[in-house]
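Colleague: Listed here are the chains, written in short residue letters.
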Amino acid sequence: MVKSKATLAIGIAAGALVLAACGGGSSDSGSSSPSASGSQGGEASSSSEASPSEAPAPSGDGQAGGTLTILSPAEQFLTLDPQVVYTGEDLGFLGATIMRSLTAYQVMPGDDEGTTLVPDMATDTGTVSNEGKTWQFTLRDGMKWEDGSPVTCEDVAYGTSRQFDVGLAEGGPVYAVTYLDIPVDEEGNSEYKGPTDGTGQELFDKAVSCDGNTITFNLNQPVPDFNYAVTLGFSAVPAGMATGPEYADKPMSNGPYKIQEYAKGKGGKLVLVRNENWSPDADPYRKAYPDSWVVNFGIEESVADQRVIQSSGEDEYAMVQGITTASLPIVFEDPVYEARRIDAYDPYTIYAAVNAQKVPDQKCRQAIGVALDREALRLNAGGDYAGDFADGAVKPNIGIDYAPTGLWDGLLGQPVPPTGDPEFAKKLLSEGKDCPTEITLDYAQSEDNDKAAAIWVESLARAGITVKPNPIERGQYYGVVFKDGNEVMLGGWGADWPNASTVLPPLFVQGWNLSQVDDKAFNEKVKAASVELDRNKQATMWQELSKEAAAQMWIVPTRFGKDQRLAGTKVGPIFSWAAYGSWPYPIMYAVQ
Amino acid sequence: MATSEAVEAPATEPPEGPEEIQGRSLSQIAWGRLKRDKTFIASCIVLLIIVLVAIFAPFITGLIGVDPYSLDKEAISSSGGKPNGPWGGASLDHPLGVEWGTGRDILARLLYGLRISLLIATTATFLVVILGTLFGVISGYVRGFTDAAIGRFMDLILAFPFLLIILALSGAMTQRLTDLGVPEGNASRITYLILVLGIFGWPYLARIVRGEVLSLREREFVESAIAMGASSTRIIFREILPNLWAPILVYATLLLPTYIAVEAALSFLGVGILPPEPSFGAMLSESVQFFQLVPSYLFIPGTVLVIVVVAFNLAGDSVRDALDPKAVK
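Sequence order for the protein chains is A and D. In terms of my numbering, the first sequence opens at residue 1 and continues consecutively. In terms of my numbering, the second sequence opens at residue 1 and continues consecutively.
Hints in this document: simulated from the structure, not taken from any laboratory. Cβ coordinates follow ideal geometry from the N, Cα and C atoms, glycine included. Hints may contain errors.
Stated by the list, open to error - Partial chain A-side listing against chain D, Cβ under 7 Å, derived: (1) ASN380; (2) GLY383; (3) ASP450.
Excised from the complex, chain A in its bound form:
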C-alpha cells in the first residue's frame, strides 16, 4: 500500500503518497501517482514502539462532539473514489469516515492487534469453501447511503465491478481483476471491461453473485486471505449510478460522515459532517466521536509542525501525518510532547531496486549492495528516527512471514557491515560476468534524496563503481522508472495486509516489479506459496523465498521504515494503527 504523507520528506508539496502496498521511493519520493511514492518515513504503524498512551487530557474513553483537523501538505486527496484509493493514510481515513468495506482492521495498538481482521459491512469475516476458491459474505441489515437508500449486495458487486474499468481505476488496487474467475484474452487482459463499457458483464455476474444479503465471489485460484483483499477496492457504490471520473471528487458516503465541502489547492479543505442516515446499530466498527472532520490542504510542512507543536487555539484539535526532519529534535527531545507524539514502525521497506535486465549477473548485483554505505543512508534519513537496517523485502512487523534472512550476516559468503565492504564488493565484481562499472541511479528529486544520491556516489566509488545520479521530478517518478528505469532505482513498499503475498509477488513477479525480475523458477515457487492453504506452511515458504530474493539482490534493502507524527493537546487516542501506519481514525475523538 502506499502512504500519503509527506512527512519526513522535505516539502513534498504534492504529498507523497505511499501506497499501502506500494511504497515510496526512497526517502521521499512523493509521487503523485497513486502508486506510491515516497516513503520516507512511513507512518507509524505497527509498532511495538507505538506508544499506546493517550493524549494528556483524554481518559480512556472517547468523547463525542467537536471537530478534528488534519494539516496536510498535499493540495488534495489523490482520489476519493473507493475503487482507486490505495495510499495507507487515505485508506485509514476514508475508511473511517465515508467508505465502508466488507471487512476492516481492528483499531488497536500493537502489530498483531492492529492488523486483526474484523467484520465491517459483513456480519463476519467471510466464509470460504470450494478449497479456497469461493468466498461468501453476508451483509448487515439497516445500512444506508447518505441519501437514505439502503446499501445492498448489488451495490457491493457494482463497486467491485468498477475495478475492471481500466480508465477509471488506474492506480488503484486490482485484486478483483487478479482473483475473480473471469477469463482473460491472449494478452492477459480481462474479458470483462467494467460496468460502463459493459462488455463481458455476464462473465462478471457469474463470478460475483448476490443472493439476498449474501454476496459470493468465485475465484480463479485458491486465495486463503481473500477476506483481507476485500478491504481494498471492494467497497460499495450505489448500483447503476453513473460513476465516471467525477466520482473521485464526490463519492456517495455510507459511513458516519458525508462530504460537505471539498475545495482543492492551497488554502482548500475537505469538510466532513455527520451523515444522519448512518446508524451505529448497523456499524459497530466505527465510533464516530467527532461531529466533523476537516482536512486543510497545502499547509507547508514546517508550518504544520509548528502549529501542532504550539497547539494553541483550534490547533489543539489538529494533527499532522508526519514530521519534518528538522522538527524531530524539537518534538522528541522534550518530554512535554511525550503524550502526543508517535514514533513507530510503519509498513514500508525502503530499498533500491537493481534492474535485473541491465545487471543480469547476481554477483554484480550483490557487489552493488555490498559496497553501499547503508549506515550513511540511514543517518541521512534521520538515523534512529528513520528505522532499522533492512535484511530483505519482508518486514518484521508483518508477523509470521518474516524470518531474518541473514543477508548482511553471511548469506553472501561473509558478513557485510552497515558501512559497506568495498573490498568484498571488488571481489564480487571480479567474480561476476560483465559487471557494469558505471551505473545510473534514478530517484525522485528532493533535497533528502539528493543527499542520498551523493552517498551512493561516494560509497560505490570505493569499490570502483561510478554512480551517475538521475533525479526525476517527483510527480513523474514512477511513471518514468517503470517505463525506462536505469540500473538502480530508489523505492519503497509496504504490505497490503499481513501476508507476504502482498510483498514478494508484487516486487519480484508482477505488480510493482521495478527490478524487472523475470525468473521462471522463482515465479513457480511464488505461485505455489500463494495458493498454499496451510498458513504456517505458507509462512515457511515465504520466508525461504524472501531469503532467496535477498541473496539475488534484486533489491538492496536499506531500511525498515519508521514514522513519526504529532497531534494537538486535545486529540486522542495517540497510537499508530498498524494496518495502515496511520492515525487510528475510526476511534479518534476531540477532548471536550
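We have chain A already, so just place chain D on it with the hints.
Modeller: Okay, now just chain D, sitting in the frame of chain A:
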C-alpha cells in the same frame, strides 16, 4: 599617468610652471577617476579575493583538511542526523560546521559552490557580451531591413517567459546536449544553464549597443572615415567599437552578479547541478527547513552571496560613474 594625476588634482595644489597640455583618452580619464575611488578599490580587492579563493578552492580545502564530498558520521547525531554542537557542528575540523544528515563540510561545499556559480555567471556574461555586441553593432550600423529583422527577433526573445522555459526544457535540452557530444551529467547541465542565460540575456545589451552605434555613426569622425573611403570593417572595428566598450563594460559588471543570483535561484528550483556537487542554490534551499535549529546554514551562503553581488554592483557603479563624460569629477 603622473601627468594626468596632476591635472586632475584639486585646485588647492597650484600647478607648477607652465602647464603641459596633453590630450587624454576617455579610458585614461576613467582610469584616473577609478584609482581615486575608494569604493571601487575596496570592492575590487574583495572580488579579487573571492575569485582567487574560488579558483584555488581545491588547494585551500586541501590545506584546511576538508573536502566537499566525504561523509563525516562522527560529526552528526545518530538520532535525527543533527550536527553535534552549535552552529551546525562548527569545530576545528569543520570551521563552518557540517551538513545535516551527512556530515559533509560546509566550508568546502561553499568554496566549491562558489566556483561553479562564478564559472556559470562569467561564462554566461561573456556570451551575452559577444552576442549582444555582435547583433547590436550589425543592427545599428547596417540599419534598414536587417535592423528591423534583428529588432523583431529580439522582441520575440524578450517576450519569452524565460524562467518557465528554463524549468520546462531543462530535461529535454540537457539530453539534447548530451546527444550532441557534451559529456553527460553536470557538464551538460552547466552548458545548458550558460546557454539559456546567454541566449535570453543578449537582447538587452544589443539594444543598448544599437542605440550607441546609431548615434556614433552620425558623428564627424565616422563621417570623415567614410569620406576617406574606409571599409565598413575598419569603421566598425577602429572607429565605433572603441567607443562602445564603456557601456558594455558597465552592463557586464551589473549583469554578472545578477547571474550569480539567478544561478542560485535556479538551483533552488531544482534545475541546477547534480549531486554530489555543491551549489549555492541547493545550500540555501536546504537551509530553509533547518532555519530554526541551525540558522548558520542560511546565513553562511547567504552572506557570501550578498558580498559577491554587492561587490560586483559597487564596482560596476564606479565604472559607470568613471566612464560618464558628463560626470563632474
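Colleague: The structure should be examined with respect to each hint, and the outcome stated for every one.
Modeller: Hint by hint, here is what the structure shows:
Taken as an interface hint, ASN380(A) checks out: its beta carbon lies about 4 Å from the nearest beta carbon of chain D, inside 7 Å. Annotation: GLY383(A) was flagged as interfacial toward chain D, and the flag holds, the nearest CB pair being 4 Å apart, inside 7 Å. Given hint, ASP450(A) at the interface with chain D, holds; its Cβ is 4 Å from that chain's nearest Cβ, closer than 7 Å.
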